[in-house]
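*Asks:* With the hints as extra help, turn the sequences into a complete structure.
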Amino acid sequence: GNSVTQMEGPVTLSEEAFLTINCTYTATGYPSLFWYVQYPGEGLQLLLKATKADDKGSNKGFEATYRKETTSFHLEKGSVQVSDSAVYFCALSPFSGGYNKLIFGAGTRLAVHP
Amino acid sequence: GAVVSQHPSWVICKSGTSVKIECRSLDFQATTMFWYRQFPKQSLMLMATSNEGSKATYEQGVEKDKFLINHASLTLSTLTVTSAHPEDSSFYICSASPLPSSQSDTQYFGPGTRLTVL
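In order, the protein sequences belong to chains Y and F.
Numbering-wise (the working numbering), the first sequence opens with residue 1 and increments by one.
Numbering-wise (the working numbering), the second sequence opens with residue 1001 and increments by one.
Hints in this document: simulated from the structure, not taken from any laboratory.
Keep in mind that the hints are not guaranteed to be accurate.
Said to hold, decoys possible - In silico DSS-like links for lysine-lysine, alpha-carbon gap of 25 Å or less: (1) Y:Lys101 <-> F:Lys1064; (2) Y:Lys77 <-> Y:Lys52; (3) Y:Lys101 <-> Y:Lys52; (4) Y:Lys101 <-> Y:Lys56; (5) Y:Lys52 <-> Y:Lys68; (6) Y:Lys101 <-> F:Lys1066; (7) Y:Lys68 <-> Y:Lys101; (8) F:Lys1020 <-> F:Lys1055; (9) F:Lys1055 <-> F:Lys1066; (10) Y:Lys101 <-> F:Lys1055; (11) Y:Lys101 <-> F:Lys1014; (12) Y:Lys56 <-> Y:Lys68; (13) Y:Lys56 <-> Y:Lys77; (14) F:Lys1014 <-> F:Lys1066; (15) Y:Lys101 <-> F:Lys1020; (16) F:Lys1064 <-> F:Lys1020; (17) Y:Lys60 <-> Y:Lys77; (18) Y:Lys77 <-> F:Lys1041.
These figures come from a predicted structure and were not determined experimentally.
*Replies:* Here it is as structure tokens:
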């Protein structure tokens, strides 16, 4: 079946530190992969996505590369800010190019301190 | 743009009563709306997908008679938890898409509704 596993949090970093949040997936076929972010009191927002192998999604300094060989989509940012504190969700859509349904990981809470 | 609201943001009810949660797309027409349930420290689980003017499609294991979904207009979908029990206590999140589910993977999420059943 389809599933997403992401590292447990919370992740606590100092400002300007390097961030990695691991995400691996299990899927049949060729899924699309997503990272969503949820800031306190707000709904989930799409952060970035990749629709095929070796694609790199990027937004707001965050990057993730679709690695089919390792079934991974790790989120990285070179220098985090306090404003990046949020919960990050990795997700997949089983059918690339069109939506079937989103399957989410459990979420990883990031706390960035000044 | 692309704002989705939910009302109420939290609700407490007695066991056996019904609760209605509203999901509205504020600045776009939502052809498709989705309802998710999230348990503490767990993933969002898709409950059902609804298209305006037609019956919702429920995921396996979700009781359609317990979780009634209505998508009567392009800006409003409602989830009614009927005869709620403590095990229905959870965080319910809706999302909306301006396009049919077969054409787009874009979803805009509401902030969620916390339901507590006593």
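*Asks:* Work down the list of hints and note, for each, if the structure agrees.
*Replies:* Evaluation of the provided hints:
{"no.": "1", "hint": "Y:Lys101 <-> F:Lys1064", "in the structure": "holds (18 Å)"}
{"no.": "2", "hint": "Y:Lys77 <-> Y:Lys52", "in the structure": "holds (21 Å)"}
{"no.": "3", "hint": "Y:Lys101 <-> Y:Lys52", "in the structure": "holds (17 Å)"}
{"no.": "4", "hint": "Y:Lys101 <-> Y:Lys56", "in the structure": "holds (22 Å)"}
{"no.": "5", "hint": "Y:Lys52 <-> Y:Lys68", "in the structure": "holds (9 Å)"}
{"no.": "6", "hint": "Y:Lys101 <-> F:Lys1066", "in the structure": "holds (21 Å)"}
{"no.": "7", "hint": "Y:Lys68 <-> Y:Lys101", "in the structure": "holds (20 Å)"}
{"no.": "8", "hint": "F:Lys1020 <-> F:Lys1055", "in the structure": "holds (17 Å)"}
{"no.": "9", "hint": "F:Lys1055 <-> F:Lys1066", "in the structure": "holds (15 Å)"}
{"no.": "10", "hint": "Y:Lys101 <-> F:Lys1055", "in the structure": "holds (17 Å)"}
{"no.": "11", "hint": "Y:Lys101 <-> F:Lys1014", "in the structure": "violated (32 Å)"}
{"no.": "12", "hint": "Y:Lys56 <-> Y:Lys68", "in the structure": "holds (12 Å)"}
{"no.": "13", "hint": "Y:Lys56 <-> Y:Lys77", "in the structure": "holds (13 Å)"}
{"no.": "14", "hint": "F:Lys1014 <-> F:Lys1066", "in the structure": "holds (16 Å)"}
{"no.": "15", "hint": "Y:Lys101 <-> F:Lys1020", "in the structure": "holds (24 Å)"}
{"no.": "16", "hint": "F:Lys1064 <-> F:Lys1020", "in the structure": "holds (14 Å)"}
{"no.": "17", "hint": "Y:Lys60 <-> Y:Lys77", "in the structure": "holds (9 Å)"}
{"no.": "18", "hint": "Y:Lys77 <-> F:Lys1041", "in the structure": "holds (24 Å)"}
Of the numbered hints stated above, the single one contradicted by the structure is hint 11.
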